[in-house]
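Required output: the full structure, derived from the provided sequences and hints.
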Amino acid sequence: MDATAAVRRIRQALVATAPLLSSLVLVLLGSMPLYAGHIGVVMPQLGVAAVFYWTIYRPDLMTYSAAFAVGLVADIVSGAPLGSTALAVLIVRRIVLAQRRYLIGKPFQVLWVGFLLAALAAAVVSWCTASIYLFRLVDVGPLLVRTMMAMVMFPAVAWLLARCQVMLPMPRAITLQRN
Amino acid sequence: MLKSAHNFLGEFPRFAFPLFVALAIGLMVLSRIDNPSVVSVRTELVDVLAPVIDVMSRPAAAIENTVTQVEHFFDVYEENQALRLENERLLHWQAVARQLDAENRQYSALLSTVVEPREAFVTVRIIGMSSGAFVKTAIVNAGRNDGIQVGQAVVSSEGILGRVIEVGSRSARILLLTDLNSRIPVMVQQSRAPAVLAGDNSDVVSLVFAADGAAIAVGDRLVTSGEGGLLPPGLPVGIVTGREGGIWRVRLFADPARVEYARILDYALPGLLPAAREAGAAGELW
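Chains as they are written, first to last, in the numbering used here: chain A, 1 to 179; chain B, 1001 to 1286.
Treat each hint with caution, since some may be false.
Simulated restraints on C-beta separations [said to hold, decoys possible]: (1) A/Arg136 / B/Val1196: 12 to 20 Å; (2) A/Trp112 / B/Gly1242: 37 to 45 Å; (3) A/Lys106 / B/Ala1082: 50 to 58 Å.
Listing some non-contacts, in silico: residues in chain B with all C-beta distances to chain A over 12 Å [to be verified]: (4) Glu1078; (5) Glu1088; (6) Arg1089; (7) Ala1095; (8) Ser1108; (9) Gly1147; (10) Ala1217; (11) Glu1244; (12) Phe1253.
Which stretches of chain A does chain B cover? Using the computed rule of at least three CB atoms under 8 Å from a CB of chain B, they are [what the hints assert, rightly or not]: (13) 27-33; (14) 59-72; (15) 79-87; (16) 132-142.
Derived from the structure by calculation, the hints contain no laboratory data.
All figures in this text were calculated on a predicted structure; none of them were measured in a lab.
Note that beta-carbon positions come from the ideal geometry of N, C-alpha and C, so glycine has one too.
See below:
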């Protein structure tokens, strides 16, 4: 294998994993202690935002396996039961994939509303799994606060991921079975 | 070129969703039954991620510090006045405390009281914090290599934050007092009435197992009672804020959201410890 082929391979690998890696970075950012002034702990689940974004723009690279990995890392870092965030993220990918054509190429505000719905869906899934897992109705407050916080931070996340996305070469055609 | 990109289930996309959903649910079931391998895998993975989180959290901490400094800059005058007053009050209290300390030593000597074991501590930085629907935990940047063990108390300068529940070689997970699974023995500082402090994943915690008619009142300070021998007695916990539906509510002194550095206490109660630690590790006392 000559040098250019090796470089091309590394490039391909980077392109293929860029959505996954950027999502993982956001998951870790979301786990940072955030103690700005008097606000207290409000840490949004940025992994949901990342999976939402990449499922719309590069569903070929944000596969179910990648989404699962993002959710699993979020669970590992947060100490939540393994698989709980993964489940929420998988469901978000599934919903977004079905609604993708209504969101792609639309003004940012539409995308934002779409994200609100996706984040709410993720919160509902989290609430249900938590209630079943803990065998009691858990408090909705913290979940809502986190969802709102993710909402507020979504433009920044989308901006960052868009910077990342323009560096990726376009696929010839996204052929994807909508399942 | 990109067609072959990394979906290893690319040939069977139809099955990817149900397969991963099943995998997620399976993992949750394993977590629910406290499968030891799931717990250890998670601890090891956090250990691997800890240096990354540590490095990433430093700029975040720097930004927060700057924000706080700017905030403080604007109320420096009021704060100065308040601190002067507080300093005067504290000097008075210092004199009282010295007096009481001397008296206490005398009485202890007279009564031949058994001396409480001294506690060593490790100062750690909180690098990760989670507040989801499930858990209220934090990750710190010290672990087994630094002498951290399961069951040890974590305190800030204001009071107790929680206890160590998982230890990796260079990171540890702390169960905060607000977590649903957190139960610690406490007592009212004045009346010495015992109770158990329980979290419910919200920001306020409550007192359970307080005796009916126990001498508890709004405004009472709570400290750890040291019962069970796992936590040192006398650590400040919080203040009783009121009673809702027959349950005393408590506001904690230490707000984990504001703490960057904490101390993990190595409270060695001779003889009692190995068994007690094992019980803590197995989750029996939680």
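So, going through the hints one by one against the coordinates:
1. Distance hint check for A/Arg136 and B/Val1196: the Cβ-Cβ separation is about 18 Å, which falls inside the suggested range of 12 to 20 Å.
2. Under the hint 37 to 45 Å, the C-beta atoms of A/Trp112 and B/Gly1242, about 40 Å apart, fit the expected range.
3. The given range of 50 to 58 Å is respected by A/Lys106 and B/Ala1082, whose C-beta atoms sit roughly 52 Å from each other.
4. Even its closest Cβ contact with chain A, about 15 Å, leaves B/Glu1078 beyond 12 Å, as expected for a residue assigned away from the interface.
5. No Cβ of chain A comes within 12 Å of the Cβ of B/Glu1088; the nearest lies about 26 Å off, and the non-interface call holds.
6. Non-interface status of B/Arg1089 relative to chain A is upheld: no Cβ of that chain comes within 12 Å, the nearest being about 24 Å off.
7. Residue placement check: B/Ala1095 keeps its beta carbon more than 12 Å from all beta carbons of chain A (closest about 33 Å).
8. In this structure B/Ser1108 is separated from chain A by more than 12 Å, as the shortest Cβ-Cβ distance comes to about 40 Å.
9. At the 12 Å boundary, the C-beta of B/Gly1147 stays outside the reach of chain A, the nearest C-beta of that chain being 22 Å off.
10. Remark: the non-interface label on B/Ala1217 is consistent with the geometry, its nearest Cβ contact in chain A lying 27 Å away (cut-off 12 Å).
11. With a closest Cβ-Cβ approach of about 14 Å to chain A, B/Glu1244 is found to remain outside the 12 Å limit, as its non-interface label requires.
12. Annotated as non-interface, B/Phe1253 keeps its C-beta farther than 12 Å from every C-beta of chain A; the closest such distance is 15 Å.
13. Counting residues of the stretch 27-33 of chain A whose C-beta sits closer than 8 Å to any C-beta of chain B gives 5, which meets the bar of three, so the coverage hint holds.
14. Coverage of a stretch by a chain is defined here by at least three residues with a beta carbon nearer than 8 Å to that chain's beta carbons; for the stretch 59-72 of chain A and chain B the count is 10, and the condition holds.
15. Counting residues of the stretch 79-87 of chain A whose CB lies closer than 8 Å to any CB of chain B gives 9, which reaches the minimum of 3, so the coverage claim holds.
16. With 6 residues carrying a beta carbon less than 8 Å from a beta carbon of chain B, the stretch 132-142 of chain A meets the three-residue requirement, and the given coverage holds.
Comparing the model with each numbered hint stated earlier shows that all of them hold.
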